[in-house]
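Asker: From just these sequences and the hints, can you work out the full model?
Single-letter residue listing:
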Amino acid sequence: MTTAVQVDVAVIGGGVVGCAVARELAGREVSVALIESRGDVGDATSKANTAILHTGFDAVPGSLESSMVRRGYALLSDYAAEIGIPVERTGAVLVAWAADELAALPGLADKAVRNGYDSCEVVDAAAVYAMVPALGPGALGGLVVPDESIICPWTTTLAYATEAQQRGALLLLGRRVTGVAVGTEATTISTTAGEVRAAWIVNAAGLGGDMVDRMLGHDRFTVVPRRGELLVFDKLARALVDRIVLPVPSAKGKGVLVSPTIFGNVMLGPTSENLVDRSDTSTSAEGFAFLTSKGRTIMPALLDEEVTASYAGLRAATEHSDYVVEVDPAQRYVLLGGIRSTGLTASMALAERACDLMEAAGLSLHVRAGVPPPPRMPNIGEAFPRPYQRVDLIEHDPEYGTIVCFCERVSRGEIRDALRSPIPPCDADGLRRRTRALMGRCQGFFCGAEVEAMLREQT
Amino acid sequence: MSEQRATLRPTVAIVGGGPAGLTAATTLRRLGIESVLVLEREQQAGGIPRNSDHTGYGVRDLRTVLTGPAYAERLVRQARDWRVDIRTASTVTDWADDRSLMVTSPEGRLRVDAQAVVLATGARERPRSARMVPGDRPSGVLTTGQLQNLVHGRHERSGGQVGVRAVVVGAELVSWSAVLTLREAGCATAMMTTEHQRAESYAAFTIPGRSLLRVPVSRRTRVTRIVGRERVEAVEVTRLDTGQSMTVPCDTVVFTGDWIPDGELARLRGLDMDRGSRAPLVDTALRTSLDGVFAAGNLLHPVDTADVAALDGRHVAAQVLAYLAAPSWPVEGTRLVAGEGFAWIAPGVVRLGDPPPARSRLLLWPTAHRSVARVVVRQDDAVLARRVLPWAASPGRVFRVPWGLLDKVDPSGGDVTVSLA
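Heads up: the sequence lines are chains A and B, in that order.
So the number in my numbering is just where the residue sits in the first sequence, counting from 1, plus 4.
So the number in my numbering is just where the residue sits in the second sequence, counting from 1, plus 84.
I should point out that these hints are in silico values taken from the structure, not numbers from a laboratory.
Take the hints with a grain of salt, since some may be wrong.
Claimed, not checked - Ranges between beta-carbon positions, derived for each pair:
#	chain 1	residue 1	chain 2	residue 2	range
1	A	Arg460	B	Trp166	37 to 43 Å
2	A	Gly142	B	Ser444	47 to 53 Å
3	B	Asp181	A	Ser325	26 to 32 Å
4	A	Gly259	B	Glu314	30 to 36 Å
Fair warning: this is a prediction, and the values are worked out from it, not measured in the lab.
In this text, a Cβ means the ideal position worked out from N, Cα and C, and glycines have one as well.
Answerer: This is how it looks when you write it as structure tokens:
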């Protein structure tokens, strides 16, 4: 497709933030296009993070990140319940392993209050071990954060994109932005598959955000891809930990956490390492060694279990400690830059903020009447019944009783639904993000061939 | 507990329709048990041999030589002829109670209440992720199981997962099987890697394998990195003794062997597990730690040949029959422990009055090669037996020790250790 597309607002970047913005805009009286370089939404930074819905208790008080995370937590919690995004309110406990860390806990509780969150509680070592008996020896105390939650990052992005599309937004996938030219009436965005003309543009390009910003003549920030490697342990480890176990943050970052995942596994990570290559999501022997040694201290029994998967994500770190969110009314341009791992939680608040900035700069963004009702997303989390457990569903359609991926218990019906969905997967990885097929402990030993055959038939 | 549509009440429920499960079912019917149910999660029963399109199956159990698919078919036909109720596409997802299973199938959600349960869920190969091999995560990284499903299964074309130049990780029997399957799919094997000093498989196969298939086996090496963003482009192979590494261009990597039992159900019900093999702990009658729940096949000894798994099935059937006649479940017993030179031993419990193990053999997994295998049996610091066995010990295949070596075990004594001198 090489014909030019003409819209009121073009959003660059189909990650969790860009999709949230496109969804929000598509509910207003404007036409919207979402431009994504990859063949699927949520296929870059948004697919590989720690999948936590943050209360924002440990943000920098007064920062934009703090307010966006706080607002985003409320918005996304409600949206998740409405649309079917898996969320589990597991809570978190921050564990102090050294005297200075223990001494820092009251300060963190106080900081949480300054971030508008007042439910944190400092507890002693006995209480910490009562909550997480599998913790390794040496914990001195902890800070309980009852509302930290785990969420499915894949369903979140997909839900935003699906609803955006239902509301009429154009999803332009597989188009990399190669140039931006601001005109008097419209901005022309050149892509690898034709031009897009838009009155306004929103830059939510994540790891490429600074490059798009420079295309518009700015020089405000530089993205440093910060690699975070993670190990995902077998579901049999899930009994070891029922809440997020956080370290006390230090100058070096948030540190390594142990967390249940929404899919019933246990995650250990991330590492934190600045890279140069913005596409290097490889894992490393050094990363594995670091994580296993950390894991042995935090939760020795975890290391007795098998590793089901390992992956690496890249955070869009910048030289600024806060998000870089700015509007240029003359260029009719909004920048949502430097959005790090908290962006998943903050996504809906950032979408709101982007709209507010555009409205203040003169774009009329009335809420549109007659938007279609939101879609219902398939549940791929463990907190609610999965199709294989549902008598009603299987009775109605036996395909939901035909399990194809045994490890993750994904039925033929769910794979079929994903392949026929409004935004179908374009590869096995996309199918995995929609259904969990192939992400289990056998990694395709049993079902790999069959899942691929289904994928080929439909694509 | 979960909701269900119906409850089935077989006398014996067998989880897994591979060689062990099917043979156990047929034998139970032959022994006069009226109602035997086999729950198989695949669309067809038969297990792993269904996709292993080479010969050599059925020697010990059926006294014949068949290809994998023909063998699987024979076992299924036998079971059907004996009116075993084989339910395919039926996945046991969890337990409703002891000896009571929850099942998902296209017919709905079922509950199965049995008087005895046999777990025969087999084993799988450790995939790349569980071996923690770092690097990129491109397509073209397989296990033998997935490779054989792609090439021999119902999926005629491999969809691009199988390329033209492979590196095979491992040099045991299953690794050579992977080489043959790759060749059939038009993919040459550039190299096989093994961490051992000697190739693990039988010399009888390795020598013709090396000369006929012309595959270089790189000893004392390990694949330490996978390179390629979309598709495998190369692997980094590191010499264990020098730390020196080289890059081997390839578009396919097959991780073979390094078997792990599919023991999820056993773990979900909290059965005692063997730390070495990660299998449920059983005694010589193949009883697990849970009353009325038995286990058999490669779930217990990952992995021995299919016919040995099948003979486990025959052995467990007799024990189940005895249990049904007089339900009692012993708890105490003497632990058998894998000593120096072995990763695991199965079964793991011996007891006065229990039968000898299947085929009167203990099965062990060697960790190093020994052309002359001197086996030592110890209990409480006393050497009970010391014998040179007329077969080599080699990592990558099960080592068998005659039951007679345990004749002097004191059932009231401490742990019994079996090691290689």
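Asker: None of the hints should be skipped; say for each whether it holds.
Answerer: Consistency of the hints with the structure:
1. Between Arg460(A) and Trp166(B) the beta carbons are some 39 Å apart, a value that agrees with the proposed interval 37 to 43 Å.
2. Roughly 50 Å separates the CB atoms of Gly142(A) and Ser444(B), a value that falls within the hinted 47 to 53 Å.
3. Against the hinted window of 26 to 32 Å, the Cβ-Cβ separation of Asp181(B) and Ser325(A) comes to about 55 Å, which falls outside the hint.
4. The hint said 30 to 36 Å for the Cβ distance between Gly259(A) and Glu314(B), and at roughly 33 Å that hint holds.
Comparing the model with each earlier hint shows a violation of hint 3 alone; every other hint is respected.
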